[in-house]
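Novice: Sequence:
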Amino acid sequence: MDPIDLSSSRVNLNGPGDWKQWISIIHKFATAQNVWKYIDPSNAEKPALSKPEEPTVQQIRPTASDLTDLTAEEFRRLEFLHTQYRTKVQTHRDQQKALSSIQQHIVKTIGNYYSTIADEHDIAKELALLKARVQPTDWAHEQEVLERYYAVLKAPNRSKIDTWITSWQRILTEAQKLDLPDIKNLRPTRQFLQAVSSINPAFTDYWINKMEDEARNKPNWQDSFPDGIKISEIFERSHKAKRATGSKAVFSTFQNEGPNQSNNGYNDGDKGSNRRSRTAQWMEAQ
Numbered sequence: 001m002d003p004i005d006l007s008s009s010r011v012n013l014n015g016p017g018d019w020k021q022w023i024s025i026i027h028k029f030a031t032a033q034n035v036w037k038y039i040d041p042s043n044a045e046k047p048a049l050s051k052p053e054e055p056t057v058q059q060i061r062p063t064a065s066d067l068t069d070l071t072a073e074e075f076r077r078l079e080f081l082h083t084q085y086r087t088k089v090q091t092h093r094d095q096q097k098a099l100s101s102i103q104q105h106i107v108k109t110i111g112n113y114y115s116t117i118a119d120e121h122d123i124a125k126e127l128a129l130l131k132a133r134v135q136p137t138d139w140a141h142e143q144e145v146l147e148r149y150y151a152v153l154k155a156p157n158r159s160k161i162d163t164w165i166t167s168w169q170r171i172l173t174e175a176q177k178l179d180l181p182d183i184k185n186l187r188p189t190r191q192f193l194q195a196v197s198s199i200n201p202a203f204t205d206y207w208i209n210k211m212e213d214e215a216r217n218k219p220n221w222q223d224s225f226p227d228g229i230k231i232s233e234i235f236e237r238s239h240k241a242k243r244a245t246g247s248k249a250v251f252s253t254f255q256n257e258g259p260n261q262s263n264n265g266y267n268d269g270d271k272g273s274n275r276r277s278r279t280a281q282w283m284e285a286q
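Heads up: the sequence shown begins at 1 in UniProt numbering, then just goes up one per residue.
Wrong hints could be hidden among the right ones.
[Stated by the list, open to error] Restricting the straight-line Cα-Cα distance to at most 27 Å, the calculated cross-link-like pairs of lysine-lysine (DSS-like) are: (1) K37 x K131; (2) K230 x K240; (3) K97 x K125; (4) K177 x K28; (5) K125 x K88; (6) K184 x K154; (7) K108 x K20; (8) K230 x K218; (9) K210 x K240; (10) K131 x K20; (11) K46 x K131; (12) K28 x K88; (13) K97 x K131; (14) K108 x K131; (15) K37 x K51.
[Said to hold, decoys possible] Computed spacing ranges between beta-carbons, pair by pair: (16) R158 x N220: 35 to 43 Å; (17) T245 x Q90: 54 to 62 Å; (18) R243 x E45: 54 to 62 Å; (19) S24 x N157: 23 to 31 Å.
I should point out that these hints are in silico values taken from the structure, not numbers from a laboratory. For each residue, glycine too, the CB sits at the ideal point set by N, CA and C.
When you get a sec, could you build the whole thing from the sequences and use the hints?
Specialist: Below, the structure is given as structure tokens:
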């Protein structure tokens, strides 16, 4: 979303799970418009947005009563202050306009939480009330992210692989930011491979066997083995290549098939082969 355009946001505040993204959008817009410091719900000591004061002749000469009492040099100084004043006035108008846009955005996107701010008209106080009402505790947020993480793993869609992989990468990144134990080390890689085994068992067989082989024989193997994001990117490329070529091998992204291979990526004489023979093809390709 363009940080200058709140109207393009489609994120609604329907529950605690939406809070982080919802407030992030407001944060980005308010920061771009230089008004976040006035509405930040995490800051109890927020400054107030005040209108600039117009300079007077007394600021130049305390004893002066009007412009005629100023010297030419003092008059130039006053003109300079007025130039600054006009700039500040325009900035103030822009900030007020930005706050008005934020107010409209809040009302349009908080749904059933409107009653929380119904009697409040100050944006800073509205956001503070919504934060107290909606923002999940750290534990609740971690639990909610974990639930979404495992829900994505259970739902790979053969016809919408690209969309599913994007969802997987997004939720994995969110979980990694929380440093959750469930996604430490290469656990996401294993979990992803298990999730796609029903779509492409040969892919899973190869990478699981490669993981086990490197764990036995290669020191510090985890440092170079594909993590959850990388393995999903490899799978996505392989899936796209298979879909684009149709008659080519399942893993044509990574190998050149022989002349006696059939459309499923295996030799005609190996159609009944087990996991080991499928894996062997991948091992030869590396």
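Novice: Hints first: check each against the structure and report whether it holds.
Specialist: Here's how the hints hold up against the structure:
no.: 1; hint: K37 x K131; verdict: holds (16 Å)
no.: 2; hint: K230 x K240; verdict: holds (15 Å)
no.: 3; hint: K97 x K125; verdict: holds (18 Å)
no.: 4; hint: K177 x K28; verdict: holds (19 Å)
no.: 5; hint: K125 x K88; verdict: holds (25 Å)
no.: 6; hint: K184 x K154; verdict: holds (19 Å)
no.: 7; hint: K108 x K20; verdict: holds (17 Å)
no.: 8; hint: K230 x K218; verdict: holds (19 Å)
no.: 9; hint: K210 x K240; verdict: holds (22 Å)
no.: 10; hint: K131 x K20; verdict: holds (10 Å)
no.: 11; hint: K46 x K131; verdict: holds (16 Å)
no.: 12; hint: K28 x K88; verdict: holds (22 Å)
no.: 13; hint: K97 x K131; verdict: holds (23 Å)
no.: 14; hint: K108 x K131; verdict: holds (17 Å)
no.: 15; hint: K37 x K51; verdict: holds (16 Å)
no.: 16; hint: R158 x N220: 35 to 43 Å; verdict: holds (36 Å)
no.: 17; hint: T245 x Q90: 54 to 62 Å; verdict: holds (59 Å)
no.: 18; hint: R243 x E45: 54 to 62 Å; verdict: holds (57 Å)
no.: 19; hint: S24 x N157: 23 to 31 Å; verdict: holds (27 Å)
The earlier numbered hints are all upheld by this structure, with none contradicted.
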